[in-house]
Amino acid sequence: MKMISKRPIPLLKPKPIQNSAESSGPNVPISVTLEECVKWMSDAFTNCSDLVQRVFTIGFAQQRQAAIFYFDGLIDKQLVNEHVLQPLILTSRVAKPDDDFADIFLWLEKSVLSTGELKAVATYNEMAKGIIQGDLVLFVDGWDKGLVIGAKGWAARGVSEPATETVLRGPREAFNETMRVNTALLRRRLKTNKLKIELRELGTMTKTNVAVAYLDGVVNPELVEELNKRLDALKEVDSILEGGCIEQYIEDSPYSPFPQIQYTERPDKATAALLEGRIAVIVDGTPDVLILPAVFIQFLQSSEDYYNRIWAGTMLRWVRYLGIFIAITFPSLYVAITAYHQEMLPTNLAMSIAAAREGIPFPAFVEALIMEVAFELLREASIRLPNAIGNAVGIVGALVIGQAAVEANLVAPQMVIVVAITAIGSFTVPIFEASYPIRLIRFPLMLLAAVLGLYGVMIGWIAILIHLIALRSFGYPYMEPLAPLKISGLKDVFIRAPRWQILTKPQFREPSEAPPESFWRRNFMKLSKEGRKKRESK
Amino acid sequence: MNQSKHKIAIHQLFFIMILMFNGAYSLMMPNILGRQIKGADGMICIFAAFVLGLVVLLLVSFIAKRAPEEGLVDYLPKVLGKFLGKIFGFGFAIYFTYTAILYLRCFDEMLAAELLPNTPRWVLSLALLCLVLWIINNGLEDIARFYNLVAPIVLLMLVLVLLANGDNIFLYNALPFGESEPIKILTGTRSVFPIFLVNVCLLVVYPAINQKDKVFITALLATVLSSLYLIAMFFVVLAVFGGEGGLKIVWPLIELARMIRIGPFLERVEALFILVWFSIVFLNGSFLVYCGAISWRSLFNVQKAKILNGVVVAAIFGIGLFAKDLSGVLAMQYVFSHYMAFVVVLMLLITAFGVWRYQRRDAHE
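Chains as they are written, first to last, in this note's numbering: chain A, 1 to 538; chain B, 1 to 365.
These are calculated hints, taken from the structure and not from any lab test.
Predicted model only: the values in this text are computed from it and were never measured.
Where a beta carbon is used, it is the ideal one built from N, C-alpha and C, also for glycine.
Check the hints yourself; a few may be wrong.
[Claimed, not checked] Covered stretches of chain B, going by a simulated chain A footprint (3 or more residues, C-beta under 8 Å):
| no. | segment |
| --- | --- |
| 1 | 107-118 |
| 2 | 125-134 |
| 3 | 140-148 |
| 4 | 206-215 |
| 5 | 218-224 |
[Stated by the list, open to error] Calculated lysine-lysine pairs in the DSS-like style (CA-CA distance at most 30 Å, straight line):
| no. | chain 1 | residue 1 | chain 2 | residue 2 |
| --- | --- | --- | --- | --- |
| 6 | A | K152 | A | K119 |
| 7 | B | K214 | A | K486 |
| 8 | A | K491 | B | K7 |
| 9 | A | K110 | A | K39 |
| 10 | B | K7 | B | K324 |
| 11 | A | K152 | A | K235 |
| 12 | B | K306 | B | K65 |
| 13 | A | K486 | B | K65 |
| 14 | B | K78 | B | K324 |
| 15 | A | K491 | B | K86 |
| 16 | B | K86 | B | K248 |
| 17 | B | K7 | B | K86 |
| 18 | A | K77 | A | K207 |
| 19 | B | K78 | A | K486 |
| 20 | A | K110 | A | K235 |
| 21 | B | K65 | A | K491 |
| 22 | B | K214 | A | K229 |
| 23 | A | K229 | A | K196 |
| 24 | A | K191 | A | K39 |
| 25 | A | K486 | B | K184 |
| 26 | A | K194 | A | K145 |
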């Protein structure tokens with residue numbers, strides 16, 4: 001047997017990274033000689049095969065060497081050719097440059113380059129930051145400054161239809177992975193200078209752009225302050241790959257199964273949230289926008305509710321409430337009633353269940369557990385597989401789990417119905433994120449039902465409610481407007497009241513300006529009727 | 001951001017009070033009254049207890065207004081002296097804790113009798129107390145919000161149980177009326193009176209209430225509505241089941257729920273009733289345990305609230321086990337209505353006198 005040496009293995013000391021963009025610090029000034037600038041850039045981006053470097057000559061009477069750097073694939077090549085290279089190489093030759101260097105560069109910056117975004121910077125660090133973010137940088141020999149030229153342009157998905165928040169009525173635009181497209185989608189809907197979009201960079205490695213959008217004068221300033229405080233605390237985080245990464249850092253109770261920040265891929269929904277005094281967080285590279293604070297009831301509301309007719313919207317909401325109740329409770333009710341409280345059922349139904357369960361070797365709880373686990377497996381499998389195979393998995397699942405399991409006397413036919421109804425119930429939740437906690441809490445609830453019958457179901461429900469009541473989203477109670485009770489908020493919970501009644505002061509709103517006028521009755525219509533009468537009398 | 005942290009709104013107080021009056025103890029009330037008085041005279045007892053309850057409310061309001069930002073047990077040594085103040089604080093803490101035990105054990109018995117006859121009482125009790133511990137650790141604000149959430153459903157259900165039995169009411173069942181001797185009326189009143197003693201809890205939560213000027217009127221409204229409901233419930237029980245048999249039913253409200261049939265599909269509505277009732281018991285239990293825990297915490301100046309809450313809940317669980325069955329719970333109830341209620345009223349009177357004297361001395365100085 002080989003002896004293991006007890007001598008500790010010496011730790012390797014990491015070699016300091018020389019001259020990298022990060023280690024250079026913010027205050028390394030740009031050298032006057034182009035050669036040094038090129039060397040610095042080459043050293044900083046060693047082994048970066050996608051870095052493009054182009055050295056060329058500008059000017060005619062007084063020729064100067066210049067160099068541009070950019071990452072291939074991150075810039076708009078057409079823009080670079082037409083608005084940067086062509087003016088620098090060709091246009092600058094026809095003009096008469098002054099003897100004074102400062103004037104030459106001012107002339108370059110102001111008159112030659114025809115791009116929209118242009119910034120003169122004095123340190124290498126700023127240059128490196130620009131190039132990393134997809135801009136193009138320009139060094140000119142003899143000048144101790146550099147130009148960061150906005151030329152971002154990479155392959156991006158266009159604005160397409162929402163994949164998870166589909167509606168029958170309403171806009172069919174969805175956010176995509178490009179932050180500026182997403183901010184533009186919001187800006188297009190909110191044509192006001194009160195829409196503020198604050199930009200910050202998060203992730204020491206990923207340097208992800210994160211935009212915080214809110215409506216000034218509508219949002220509670222303390223909420224913005226609180227969010228900024230939480231985001232500022234993420235400075236040391238190395239990577240922000242998706243909105244979900246930020247969500248986990250800044251939400252109030254990360255261990256809760258219930259989401260405390262909503263995400264949406266619908267610009268109209270994000271716009272409505274902003275109008276309610278909420279904040280939208282747009283993360284570059286994420287096709288969803290985070291909305292905060294969030295309340296529980298919001299996860300059961302669809303934007304379509306507000307576009308439909310009042311009663312249709314109200315009915316759809318109640319269908320969802322019923323769906324979520326069934327999704328959480330139905331299997332546990334089945335377990336409790338079949339195991340403990342058969343007398344609750346009418347005799348015929350009780351006998352039918354008893355006859356079907358005859359010969360089944362498992363107690364109701366195990367039976368329910370098998371079916372629910374099988375269903376979860378199927379669901380997960382069908383999501384991960386390509387569409388065509390996913391459908392096949394669905395068919396196999398229906399045949400195997402439904403028919404074969406019943407025929408093999410492993411489960412009662414009623415159990416299949418229970419699982420099917422439960423699944424349908426969980427599909428009614430309009431936001432997919434909110435269906436996870438429902439799927440999770442169903443299992444402990446079934447266990448409680450198996451141990452304590454209906455009493456266990458009630459204990460489970462009370463535990464869920466205690467947890468929900470204790471939850472906060474950025475300090476706001478998660479169960480608002482139900483607990484604490486806000487009567488005015490109920491008109492958007494139990495019913496979907498007409499627009500003219502909903503436009504009162506929303507729950508998150510601490511407006512510095514007066515809220516929009518709301519009406520109990522449609523007084524504005526009365527006025528128009530009077531006008532019509534006048535016209536008719538004339 | 002959350003402005004109302006650790007404060008409760010006035011409507012939340014209303015829900016707390018109204019459900020406290022209609023807690024587990026009131027479920028047994030017709031049975032307890034029926035053992036002492038004949039026919040509809042029980043309604044006179046409820047009314048008399050209501051009047052006494054108003055006196056309690058006045059006393060509570062008088063004491064609370066003098067110390068709007070201090071809890072009862074903190075305030076007592078100031079007005080009654082250190083020794084007597086501590087003794088009284090101890091007395092009130094025992095009252096809250098004992099009431100919590102009684103409420104929770106009542107429900108255990110009801111559950112064991114109607115829904116889970118084979119499950120040991122300690123399992124039922126432990127499951128409920130775990131939830132109670134959880135919510136009291138979260139604080140009064142969360143308890144009040146929970147009341148907010150379930151109170152409308154529960155109140156609706158309580159009214160529906162009576163209304164749904166409209167067809168089963170036979171007025172002659174409620175007779176005789178006015179035939180009981182005054183001493184029996186007094187005995188009956190004494191049995192019902194502890195229901196109205198829950199106003200004492202106001203003294204504990206008063207500092208946490210947002211609109212203190214509306215506390216009295218809110219509590220008064222809750223007291224009036226609850227006494228009306230109790231009278232109505234007593235009358236319906238009597239008129240449906242009759243004086244002889246009906247008042248001997250241990251859980252008459254459950255029996256009323258059992259009488260309801262929702263078509264051929266749902267034959268046992270009372271099981272649903274018990275489940276909803278569970279939320280009342282859980283809430284009332286939580287509120288009383290909270291009042292008890294706050295009192296004990298002030299009394300012993302304990303900083304770590306969660307540990308003390310755990311100790312109080314463990315004590316409630318342990319003491320509750322002494323009542324092994326329904327007869328044990330009824331014995332607890334007897335002690336409660338015959339001795340404890342009297343002692344609490346006496347303590348209230350002395351405290352009110354102490355407050356009055358303290359106030360006079362202050363004004364004089």
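Consistency of the hints with the structure:
1. 107-118: Answer holds; 3 residues pass the 8 Å Cβ test.
2. 125-134: Our answer is that it holds, as 4 residues pass the Cβ test (under 8 Å) against chain A, meeting three.
3. 140-148: holds (count 5)
4. 206-215: Not satisfied, violated; 0 residues make the cut.
5. 218-224: violated (count 0)
6. A/K152 - A/K119: Status holds; Cα separation ~14 Å.
7. B/K214 - A/K486: This hinted pair holds, its Cα atoms lying about 18 Å apart.
8. A/K491 - B/K7: Given that 30 Å is the threshold and the Cα spacing comes to 25 Å, the pair holds.
9. A/K110 - A/K39: holds, 27 Å
10. B/K7 - B/K324: Since the Cα atoms of B/K7 and B/K324 sit roughly 38 Å apart, the hinted pair is violated (cutoff 30 Å).
11. A/K152 - A/K235: Distance ~25 Å between A/K152 and A/K235 Cα, so the pair holds.
12. B/K306 - B/K65: holds, 29 Å
13. A/K486 - B/K65: holds, 28 Å
14. B/K78 - B/K324: Not OK: B/K78 and B/K324 at ~41 Å, beyond 30 Å, violated.
15. A/K491 - B/K86: violated, 50 Å
16. B/K86 - B/K248: violated, 41 Å
17. B/K7 - B/K86: Given pair B/K7, B/K86 holds - Cα atoms ~26 Å apart, limit 30 Å.
18. A/K77 - A/K207: holds, 23 Å
19. B/K78 - A/K486: violated, 39 Å
20. A/K110 - A/K235: violated, 35 Å
21. B/K65 - A/K491: violated, 37 Å
22. B/K214 - A/K229: Given pair B/K214, A/K229 is violated - Cα atoms ~38 Å apart, limit 30 Å.
23. A/K229 - A/K196: holds, 17 Å
24. A/K191 - A/K39: violated, 47 Å
25. A/K486 - B/K184: violated, 47 Å
26. A/K194 - A/K145: Violated: A/K194 and A/K145 sit about 36 Å apart, past 30 Å.
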